[in-house]
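Student: Here is what each chain is made of, one letter per residue.
Number of protein chains: 2
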Amino acid sequence: MKEFILRSLKAKTSPFDINDLKNAGRLDLVCNCITNALFIAGDLRRDAKIHVVLEGPNNPPKTISFDGNKLKGIEDEKSIAIKINEALIKSSGLTLNEELDINPGISIAKKSFEQLVKDKSKSNQLIYLHKEGKDIRKTHLEENSIFIFGDYIGMPRKTEKLLDRLKAQRISLSPIMLFSSQCIAIVHNELDRRSIKL
Amino acid sequence: MKEFILRSLKAKTSPFDINDLKNAGRLDLVCNCITNALFIAGDLRRDAKIHVVLEGPNNPPKTISFDGNKLKGIEDEKSIAIKINEALIKSSGLTLNEELDINPGISIAKKSFEQLVKDKSKSNQLIYLHKEGKDIRKTHLEENSIFIFGDYIGMPRKTEKLLDRLKAQRISLSPIMLFSSQCIAIVHNELDRRSIKL
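Residue numbers (my numbering), protein chains in the order written: chain U, 878 to 1075; chain R, 878 to 1075.
Check each hint, because a few of them may be wrong.
It does not matter which identical chain is used: a pair holds within one copy or between any two.
In silico DSS-like links for lysine-lysine, alpha-carbon gap of 30 Å or less [stated by the list, open to error]: (1) K1038 <-> K1074; (2) K967 <-> K1015; (3) K1074 <-> K1015; (4) K967 <-> K995; (5) K997 <-> K949; (6) K967 <-> K955; (7) K1008 <-> K1035; (8) K1074 <-> K947; (9) K899 <-> K1008; (10) K997 <-> K887; (11) K1008 <-> K949; (12) K1008 <-> K947; (13) K899 <-> K955.
Don't read these hints as lab results, they were simulated from the structure.
Since the structure is predicted, the reported quantities are computational estimates derived from the model, not experimental observations.
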């Protein structure tokens, strides 16, 4: 299983205009990330999952999870955005840590980023993508690694301390700052190369 | 200069619904490619260009070019799509190989894929991304390389023969078939790593 966590500090947590994702707290960038985590040319990555923690207004936090093994009826970024909107509408009354299935392979929970990474750290090696981290090409990666990305704003200092306490390993992909969606494509490429020789 | 050519066999060449890019011949995928060619977190790649050859209905071919060094006022995929639509509207009367400036850093020409790669081959090393090619990590890349991508449909056999005649080098990025936009992110990553050490 290849698993990703994206934290999106501004992405809306209440219904938004499906034709204006940029002004929904850069949900366009969130949809790019989900696409690159789960889709390849003509197929889904059945062995991949992504969790996106939305922390923008008006009802944060919300964690929406997409599972490539179960996903159906999603073909492009617009259909991803439509499902996120539907999930936000249906989840308005969730209590803390309660989870709701939205679609095959899509669920939403009233769960914070901190709670999510604490939960995941119990059985997974956390990998935090960071400019100052160790080069991914020189890093051994466990089968149960989960890759954690901040968004274009960056990760709050307090969160970085939590990740340190949870023994998240910092790795780097590039000498320059990329979009999270570009990072996800590069991580997948590294994992693909390790499992199937070119 | 880092330069890319994308051939999009179905992308519309007449005005389209800006809120339905998938049904405009997968212009959503074209916009993903332009984003990954030219944008990084918080900045433009000033040393990158991408040319997209659109060959869908109703007025093919059209080659639209984006130059990261001159681009202004483009912030997200929707604004890229709006500019493509504007370019298609303004270029309806162009004669063969005539070119029109649309915006700082954006131009459109009535030019075919074949003509474009023939023109570029005079002063550039053509690199054709192909599953059976040589691993990019083991390939020397010239400063003047241009990276050529087919779309999700694949490159017609006749075009592959032309690329062979123009001595395009075939290189491979991944053991699996990826979206062109994902390939562009991976090519940039390889070039970034070669110019600045991690």
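Student: A separate judgement is required for each hint: does it hold in the structure or not?
Tutor: To see whether the hints hold, each was checked on the structure:
{"no.": "1", "hint": "K1038 <-> K1074", "result": "between (37 Å within a copy, 27 Å between copies)"}
{"no.": "2", "hint": "K967 <-> K1015", "result": "neither (44 Å within a copy, 50 Å between copies)"}
{"no.": "3", "hint": "K1074 <-> K1015", "result": "both (17 Å within a copy, 13 Å between copies)"}
{"no.": "4", "hint": "K967 <-> K995", "result": "within (26 Å within a copy, 54 Å between copies)"}
{"no.": "5", "hint": "K997 <-> K949", "result": "within (25 Å within a copy, 42 Å between copies)"}
{"no.": "6", "hint": "K967 <-> K955", "result": "both (18 Å within a copy, 27 Å between copies)"}
{"no.": "7", "hint": "K1008 <-> K1035", "result": "within (17 Å within a copy, 44 Å between copies)"}
{"no.": "8", "hint": "K1074 <-> K947", "result": "within (27 Å within a copy, 40 Å between copies)"}
{"no.": "9", "hint": "K899 <-> K1008", "result": "within (25 Å within a copy, 34 Å between copies)"}
{"no.": "10", "hint": "K997 <-> K887", "result": "within (23 Å within a copy, 42 Å between copies)"}
{"no.": "11", "hint": "K1008 <-> K949", "result": "between (35 Å within a copy, 27 Å between copies)"}
{"no.": "12", "hint": "K1008 <-> K947", "result": "between (33 Å within a copy, 28 Å between copies)"}
{"no.": "13", "hint": "K899 <-> K955", "result": "both (13 Å within a copy, 8 Å between copies)"}
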